[in-house]
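Visitor: Those protein sequences? They're chains A and B, same order as listed.
The first sequence runs contiguously to residue 339 in the working numbering.
The second sequence runs contiguously to residue 505 in the working numbering.
Bear in mind the hints are in silico, worked out from the structure with no lab data behind them.
One or more of the hints may lead you astray.
Simulated crosslink set (SDA-like; lysine to any residue; CA at most 25 Å straight-line) [to be verified]:
1. K278/A <-> R258/A
2. K111/A <-> K238/B
3. K272/B <-> Q209/A
4. K82/A <-> E330/B
5. K199/A <-> E195/B
6. K238/B <-> W189/B
7. K110/A <-> E330/B
8. K77/A <-> I197/B
9. K110/A <-> T334/B
10. K199/A <-> F191/B
11. K111/A <-> E484/B
12. K199/A <-> V185/A
13. K212/A <-> I266/B
14. K168/A <-> K344/B
15. K272/B <-> F170/A
16. K230/B <-> G405/B
17. K85/A <-> K232/B
18. K272/B <-> S108/A
19. K344/B <-> D81/A
20. K199/A <-> N300/B
21. K77/A <-> K230/B
22. K212/A <-> S271/B
23. K333/B <-> D81/A
24. K199/A <-> K82/A
25. K272/B <-> K199/A
26. K111/A <-> E195/B
27. K272/B <-> D109/A
28. K450/B <-> K469/B
29. K111/A <-> S356/B
30. K111/A <-> E282/B
31. K230/A <-> K450/B
32. K111/A <-> K230/B
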Amino acid sequence: MVRNFEFVERVDGVYILPTRCTIPHYIRGRTFDRAIESVEIGLGELQQINAIEEIPEPNFLRTDVTAFIPKRILDKIEKEIRERFNIARDELRDLIATAEPSDKKEIADWMHDAAAVNIIGDFIAYNYNQSNMSFMLHTSGDPFVPGVSLAGFSFRSDPGYKVFDRGYAELILPDRTIVNVPTNAGCRVIKDKLLAWAYQNAQPGKKQYTGSIFYWRSLAETIKGPVKNLVSRKYGTKNGINPQFFAQNFTRPAKMLRVIATFWSEVDQRVKLTFRDPRDYTRVVFEDFIDVPNGLTKLTANFGATPTTPPLVVDVQPQVSDFVIRSYEVKEV
Amino acid sequence: MSWNFPEYEQIHGIKAANTLIQLPLWSTAEFLAELKGKTISVTKAKISYRSKDFSDILADMVAVDWIDRKFQNIDTDKIIDMIRSKIPVDESEIMEWMQEAFAANCVISVMSENYKPVGGVVIGKSSDPYIPGLHVQDISFLKEIGKTISERGYAQVKSPYGIDRLNVLSKLTLVKSRMLAWAANTYVAFKQWTGVLLKWLKIPSSPIRGHVSNVVVKGLASPQFIAHIPPRFGLKNTVYMDIASDRNQIVNMTFRDPRDYTVKLGSIKLPLRENAVAKVKFKLRSFAGVPPLLVQYECPENGLIDVQRYEVKASLIPV
Chain A
7 MVRNFEFVER
17 VDGVYILPTR
27 CTIPHYIRGR
37 TFDRAIESVE
47 IGLGELQQIN
57 AIEEIPEPNF
67 LRTDVTAFIP
77 KRILDKIEKE
87 IRERFNIARD
97 ELRDLIATAE
107 PSDKKEIADW
117 MHDAAAVNII
127 GDFIAYNYNQ
137 SNMSFMLHTS
147 GDPFVPGVSL
157 AGFSFRSDPG
167 YKVFDRGYAE
177 LILPDRTIVN
187 VPTNAGCRVI
197 KDKLLAWAYQ
207 NAQPGKKQYT
217 GSIFYWRSLA
227 ETIKGPVKNL
237 VSRKYGTKNG
247 INPQFFAQNF
257 TRPAKMLRVI
267 ATFWSEVDQR
277 VKLTFRDPRD
287 YTRVVFEDFI
297 DVPNGLTKLT
307 ANFGATPTTP
317 PLVVDVQPQV
327 SDFVIRSYEV
337 KEV
Chain B
187 MSWNFPEYEQ
197 IHGIKAANTL
207 IQLPLWSTAE
217 FLAELKGKTI
227 SVTKAKISYR
237 SKDFSDILAD
247 MVAVDWIDRK
257 FQNIDTDKII
267 DMIRSKIPVD
277 ESEIMEWMQE
287 AFAANCVISV
297 MSENYKPVGG
307 VVIGKSSDPY
317 IPGLHVQDIS
327 FLKEIGKTIS
337 ERGYAQVKSP
347 YGIDRLNVLS
357 KLTLVKSRML
367 AWAANTYVAF
377 KQWTGVLLKW
387 LKIPSSPIRG
397 HVSNVVVKGL
407 ASPQFIAHIP
417 PRFGLKNTVY
427 MDIASDRNQI
437 VNMTFRDPRD
447 YTVKLGSIKL
457 PLRENAVAKV
467 KFKLRSFAGV
477 PPLLVQYECP
487 ENGLIDVQRY
497 EVKASLIPV
């Protein structure tokens, strides 16, 4: 087995840590090209297993949010947390603010929000990192002071009011290119070797605000069993839902594969599925939308290609609200 | 070339990202296994000095374009006053700990940018470990308030290897069997305090030409690491190193086993002079062969160093 990219890649004279996944040994060079060109994907019917009333939160996850809340705060707010696996960011922020109010000396308002976002980010990353090779990194804080950076990604250190007036914050990528992260919305970063997501919530007249970066360093993979517990959370507006990325790969060559996936969704929503080339994440092989009902749902999909089904990177983007990929399993037909 | 460890593994139920070194093909597992329990003799270093101002080390602080390049540094004491004047405490949003953390983030940025071109990767962050919280990959501070750690006398650093104690307002180098990290505490108030975490992901291999520097955060110097990779098998290795220092200090160089970083195989002390580049030459000998090594630089007197060259020549003649 080899990885699609080196541990460190040099891009235009700059060193970056790419997002990596495993490429099975049986597919190389022209075989890979032919497989990618010939791939055909059939998304089957979605079958609702449980409605949201029967499973109101994704309690099948490995751990809940309370594992990441400071004990001093948790002792004060634990009884008030209704949904441990699905607490909303605003609700968590308000609970933290009641437990540890601003004191004009040490604790400032922005820290409540940054702490809430950090806790939810830790929860998402912890659950993601349970799959075999998976490694997701996450950070949140104030991009102005003390700054937010993560493995080569950095928010430019601008005060919040400047970012709000302009309408976007600047996120500097490891290759030194810049993407604009709109205020109160998320921004997907899909470069040929990088997958990331960023969010910021600058406020009018305030210096401080919260910036958050998610970076997929090593993708969860289906090569050694199903991928599980990939969480997408709503950070604010509709566009503020983090995507999930993982690699769909298989141990041996197969002309046809069947995917059996189980999703949990808070509401009925449309979810965009994009399948990407693992040698260049910007190359889209196939994309489509699925209408996922609330609660638990099962999806079956078939993949066929000649001479063998290629490894693909799956990009899942919910459009409305919280969403969890409970499991995603690949079988030979 | 092969890696000394897998990139990730589960340690005590936690997904751990190891600190990696690329080993040459000639250093097989059998060769490295034969070295178990053996030490390496290190000769006394021959040193000559050349005066050169230390303040030359710069790199782009990519996220902070409002700090003039001339203020960029790897020592927070040299930029903290400028940060305090540009972003004063306003008792509504900007607090004192943020200035300290911001200064630390700036110097970490400069250091890690200099570490990349020689083939290394180090990541780090400074923030308040209570809220909003501080973690770097798989290492983090336990989320406690400043009063708790100051009364107890230490903060707790959590890693896949367990919990380590960091004394208040001090530093701690975490050398674990497969992980290298550093933690520091630079400020403590009633609730808020400032923590600094550095984690090495990939150690650059010799030959090295560039700027491998450490950082000083409020008077606390971090260590720095490189990999001593002989170009071929040899019973004797001659090391040629250029190392700059910002002050008169004695730097400890420790040679460690790349299969288990906690195993020390030898050490040497280097007397360095203020604002001078020391040209250093010394020899390593082992009758079983000198293996690839992890080299750790530790500045006990909290000074800065800048390794500008590290080259190894291997010989089969041990004398």
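Visitor: Hint check: K199/A vs F191/B, CA-CA at most 25 Å. Holds or violated?
Guide: Holds - the C-alpha atoms of F191/B and K199/A are around 23 Å apart, at most 25 Å.
Visitor: Is K199/A close enough to N300/B, meaning Cα to Cα at most 25 Å?
Guide: holds (22 Å)
Visitor: Tell me if the straight-line CA distance from K85/A to K232/B falls inside 25 Å.
Guide: violated (67 Å)
Visitor: Do the alpha carbons of K77/A and K230/B lie within 25 Å of each other, as the hint requires?
Guide: Since the Cα atoms of K77/A and K230/B sit roughly 52 Å apart, the hinted pair is violated (cutoff 25 Å).
Visitor: Hey, K272/B versus F170/A, does the alpha-carbon distance stay inside 25 Å?
Guide: With a Cα-Cα distance of about 21 Å, the restraint between K272/B and F170/A holds, given a limit of 25 Å.
Visitor: For the pair supplied as a hint, K77/A and I197/B, is the alpha-carbon distance within the 25 Å limit?
Guide: Between K77/A and I197/B the Cα gap is close to 24 Å, so the pair holds against 25 Å.
Visitor: Between the alpha carbons of K278/A and R258/A, is the straight-line distance 25 Å or under?
Guide: violated (28 Å)
Visitor: Below or equal to 25 Å on CA atoms is what counts here, so check K110/A against E330/B.
Guide: holds (20 Å)
Visitor: Sort out whether K469/B lies within 25 Å of K450/B, counting only the CA atoms.
Guide: holds (17 Å)
Visitor: Sort out whether T334/B lies within 25 Å of K110/A, counting only the CA atoms.
Guide: Between K110/A and T334/B the Cα gap is close to 20 Å, so the pair holds against 25 Å.
Visitor: Please verify whether K272/B and D109/A have alpha carbons no more than 25 Å apart.
Guide: holds (23 Å)
Visitor: Keeping to a limit of 25 Å between CA atoms, is the pair of K82/A and E330/B held or broken?
Guide: Judged against 25 Å, a Cα distance of about 14 Å means the pair holds.
Hints 1, 2, 6, 11, 14, 16, 17, 21, 24, 25, 26, 31 and 32, counting from the list given before, are not met by this structure.
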